[in-house]
Amino acid sequence: MTRYDATVLAAAADSGQVGDPVVNIAIFGAFVLVTLIIVFRASRNNKTAADYYAAGRSFTGPQNGTAIAGDYLSAASFLGICGAIAIYGYDGFLYSIGFLVAWLVALLLVAELLRNTGRFTMADVLSFRLKQRPVRMAAAISTLAVVFFYLLAQMAGAGGLVALLLGIEGLAAQALVIAVVGALMILYVLVGGMKGTTWVQIIKAILLIAGAGLMTVWVLAKYGFDLSAVLQGAIDNGGENGERLIEPGAQYGASSLTQLNFLSLALALVLGTAGLPHVLMRFYTVPSAKEARRSVVWAIWLIGIFYLFTLVLGYGAGALVGPETIMSSPGKANSAAPLLAYELGGVFLLGIISAVAFATILAVVAGLTITAAASFAHDIYASVIKRGEVAPDGEVRVARITVIVIGALAIVGGIFANGQNVAFLVALAFAVAASANLPTIIYSLFWKRFNTAGALWSMYGGLISCVVLIALSPVVSGKVDPVTGDSLSMIRDTSVDFAVFPLENPGLVSIPLAFLLGIVGTLLSKEKPHPEKFAEMEVRSLTGAGAEKATVAH
Amino acid sequence: MCGYFGVSCATVVPLTATGPSGPAEVHVSESAQETDYQRVQRSPEFQDLRRRFRNFVFPMTAFFLAWYFLYVLLANYQHEFMSQRVTGNITVGLLFGLGQFVSTFVITMAYARWANQKQDAVAENLREHIESGALIDSGDPRRPEGSPA
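Chains V and Y, in that order, are what the protein sequence lines are.
Heads up: the first sequence runs through residues 6 to 559, numbered per the working numbering.
Heads up: the second sequence runs through residues 4 to 152, numbered per the working numbering.
Keep in mind that the hints were calculated from the coordinates and are not lab data.
All of these numbers come straight from a predicted model, not from anything done at the bench.
Heads up, the beta-carbon is just placed ideally off N, CA and C, and yes, glycines get one too.
Be aware that a few hints might be false.
Claimed, not checked - Beyond 10 Å from chain V on every Cβ pair, some chain Y residues (computed): (1) PRO47; (2) ASN58; (3) GLN120; (4) LYS121.
What the hints assert, rightly or not - Quick look at which bits of chain V chain Y covers, simulated, 3 or more residues with Cβ under 8 Å: (5) 307-314; (6) 352-361.
This is chain V alone, in the form it adopts within the complex:
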């Protein structure tokens, strides 16, 4: 232990690790053990598709709301936002506001209506009154795309986190840890289904929010519970640009192009959440629309309070650790929160926060995996390939096989993406969700005339425009650091440059385009309207008539 008693934090950071890997691994191991026991207990009643995909619709609103917070608050939210505030100050705060306000779209327009009209997946709702097979196929493809981007970002993040928290530096050893995370995730989802996944997310959300809350009170106590004094600490420690930390523009104010980038991101964030398939699927785990509403109310409070914590933690890290120390540590901005934990509570608190960060990745990837498995088995296999002629247990069997395939893909993808700059993938996932999913969800719930062609134009148009614009943007090629001359793009070779689209987030173009395509496709199509299907959907969405009930008594 004496090795880590070095009081100079910078020295610890320079050596490539902070804290005691043994403590970190022990606390994380305890989390895995406890959750595994719970997952095995929860798995006893996993018989039907409703059990496996929707946890028998037996969770209460508060339970599901906590699980939603656990699903939504990824490592990117926790480590990324704390780091962004510590380094860029105010501009980091802007992210968290977009992530939070977005929940009002889900609360007011989507959650309850979706719960009332669907069964397991987003595609249930989108294909309700349209042609089943093409619409389900499109919805499943866009679901898999969102999940893939999101999953890859989480798995790659796991590798970087390992370097920082466990002191594992070799790429091979990091690959091994990514494989362990992936294998654990497969086990949780395979055995526990939605019920096990939900419990993992609930436990993780409680640990994460309690841990962040403890650190927040600790930071505030050091400054006499005066937020202005915390900000002053960050300003004092921020060097010559310290004052700019409490002003907007440090990250996005550089040019009119970066400002446009921010506008695009802000649009994707606020409209993306209500189109994220793994978030939408959580609404099916409660017995009624009223409980879905309660879920979102709980989720909004938990997520909002958590983001308020990150504001204090980010500036606290700036004040107590300092941006230079953070940027010179192996995890760069992502290490702001762990370094702050070490500064406050030493090895033990760092161990807890590290374990929570791992648990975060585990819980989020588990939620993504079950969503992808449900979408493939329920939408593509059962509805498109088998045309609905499939025994319920056959569908669940396919879902379980899909879990293994997706888990394996995530492990391989995570190992390849390790060390890559993949932070943009989460923003891309939000952009795809906002472009490919949200317009069709809104139109099919509220627009009587909307038809199959409109849905397909909007979904494929949104998805393809997002992916193509990202491929042609500076995040993939041609972005060069003006100071060092190094490439900042995914393709490291600076001589390769096909970035003809200047924005790093496609949302500003792809979201309005997808909304427009939905209208154009609908108006150009000669498909006969189905007023009786719209009547059924509208009546069911608002009254809950015929909605799927809980399969197990409480």
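Add chain Y to chain V, keeping to what the hints say.
For chain Y alone, coordinates are given in the frame of chain V:
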């Protein structure tokens, strides 16, 4: 719109909606093609529920999106204004940002309260009528839930 004032749609030709020259028969006839859900959809109770729902959520959505983008545009393009110190190191921008949190919490609670008090009972009543087969507006014999006429 028929069915208001407690008058059955089957007997009254509505003057609104499609207008005199349009296919008003859709609204008035007890045609064999009409499903249970369409009858419920036409009922004044459901129309009322739907109108109140849309009158709440659409303006509220417009409001919070406008408020959010006002904030985003100010933070993006009005740095000087947002950088003014109000007290100590608390800037206008920080208060605006915290204001987004407050407005989100307030809208959330206002919606939940409104939906619990005003909508749930009506929706529940309609749901029970539909699922028991006793349709509000129907002269037809009862039939099982969800089956088309």
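Here is how each hint holds up against the structure:
| no. | hint | in the structure |
| --- | --- | --- |
| 1 | PRO47 | holds (14 Å) |
| 2 | ASN58 | holds (12 Å) |
| 3 | GLN120 | holds (12 Å) |
| 4 | LYS121 | holds (13 Å) |
| 5 | 307-314 | holds (count 3) |
| 6 | 352-361 | violated (count 0) |
Violated hints amount to a single one, hint 6; each of the other numbered hints is respected by the structure.
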